[in-house]
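Assemble the whole structure, with the sequences as input and the hints as a guide.
Residue numbers (the numbering used here): 5 to 304.
There could be a bad hint or two in this list.
When the alpha-carbon atoms are kept at most 20 Å apart in a straight line, the in silico EDC-like pairs for lysine to aspartate or glutamate are as follows [what the hints assert, rightly or not]:
1) Lys73 to Glu116
2) Lys270 to Glu242
3) Lys270 to Glu287
4) Lys267 to Glu244
5) Lys270 to Glu244
6) Lys73 to Glu63
7) Lys267 to Glu242
8) Lys73 to Glu120
Source of the hints: derived by calculation from the structure; they are not laboratory data.
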Amino acid sequence: MPDDVFEPGPPHPATVPPTLPPAPATARLRVVVADDNPVVRAGLGVLLSGRADIQVVAEAADGREAYEKTLHHRPDVVLLDVRMPGVDGISALPHLVGIAPVLMLTYSRESEIVHEALRLGAGGYLVHGEFTADQLVQAVRDTRNGRAHFTATAADALLAHMRHGTGPERAPLPDGLGAALTTAAGRTPVQAPAQAPSRQREHSESLSQLQPVVGQSSVIGGSALSPNRQQYGLSSREVEVMELIASGMSNQQIAATCFISEKTVKNHINRIFTKLHSTSRSEAIARWLGTAPRDPGRHP
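Structure, rendered in structure tokens:
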């Protein structure tokens, strides 16, 4: 071999690129879902937990349970309904916002409720049937980062309240919402008991003073005097659809809420009308709510 031929040797250690450590896994955004409708809770759980960066860590059926689950799990975001039995969402809201950001997710669209929720610290307000699945997911992500989201009805209600508000003396909320905030022996529940030994006990004792004023429900017409609806023989899914019909929702809104197609909604409605011996939405609602006149020629 000629002397002037260059023969490369092994690479110098300094020239070998170092092996980089694997990137740390990004923590998932943890969510608590509070809604008295089990179908809504189940649908939200499937939708949100199906995203790689989101995890539903707990569900709650009323405001008191929402507070307990939030205190235990310390989530990044709480999705909160307004009308729930026992302690409603408005009453629980001031206790929740001290632990985690809260995004209202509800059927309630009255301007007074929207305004009060924001006054009490809610980080956004979404009305069912007015957003897509992707928009909801983005709203949850943004709520953790302090960016507010509003659906059209909520934004319009807030604007209307600002234009025609009642000033310093706020109008009472519909259905007694938030009334539990002023119960408990004449003091508000956010007022700490004397010599509470810890902040956690202070929160627990204060929330325990919230009294169920009215059995709230996301369905219009629910009350302690509701008729015996078991007589109609509706399946559990048909009951959920019928309750959404009674709340005034369209087929499209019901489909979005239950995560089913509009064709499936129509099939459910046809079976419901047959079982309720009804030919229209209004007649079915009247029978479901017990307000239809008794017809001796028909079974219930």
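A quick look at each hint next to the structure:
A threshold of 20 Å between alpha carbons decides the hint, and for lysine 73 with glutamate 116 the separation of about 27 Å lies outside it, so the pair is violated. With a C-alpha separation of about 11 Å, the suggested pairing of lysine 270 with glutamate 242 holds against the 20 Å cut-off. Restraint check for lysine 270 and glutamate 287: the C-alpha separation of about 16 Å stays at or below 20 Å, so the hint holds. With a CA separation close to 16 Å, the supplied pair lysine 267 and glutamate 244 stays within the 20 Å bound.
Annotation: proposed proximity of lysine 270 to glutamate 244 holds, straight-line Cα distance about 14 Å (limit 20 Å). At most 20 Å may separate the alpha-carbon atoms for a hinted pair to count; lysine 73 and glutamate 63 meet this at roughly 8 Å. Between the alpha carbons of lysine 267 and glutamate 242 the distance comes to roughly 14 Å, so the proposed pair stays at or under 20 Å and holds. With a CA separation close to 23 Å, the supplied pair lysine 73 and glutamate 120 exceeds the 20 Å bound.
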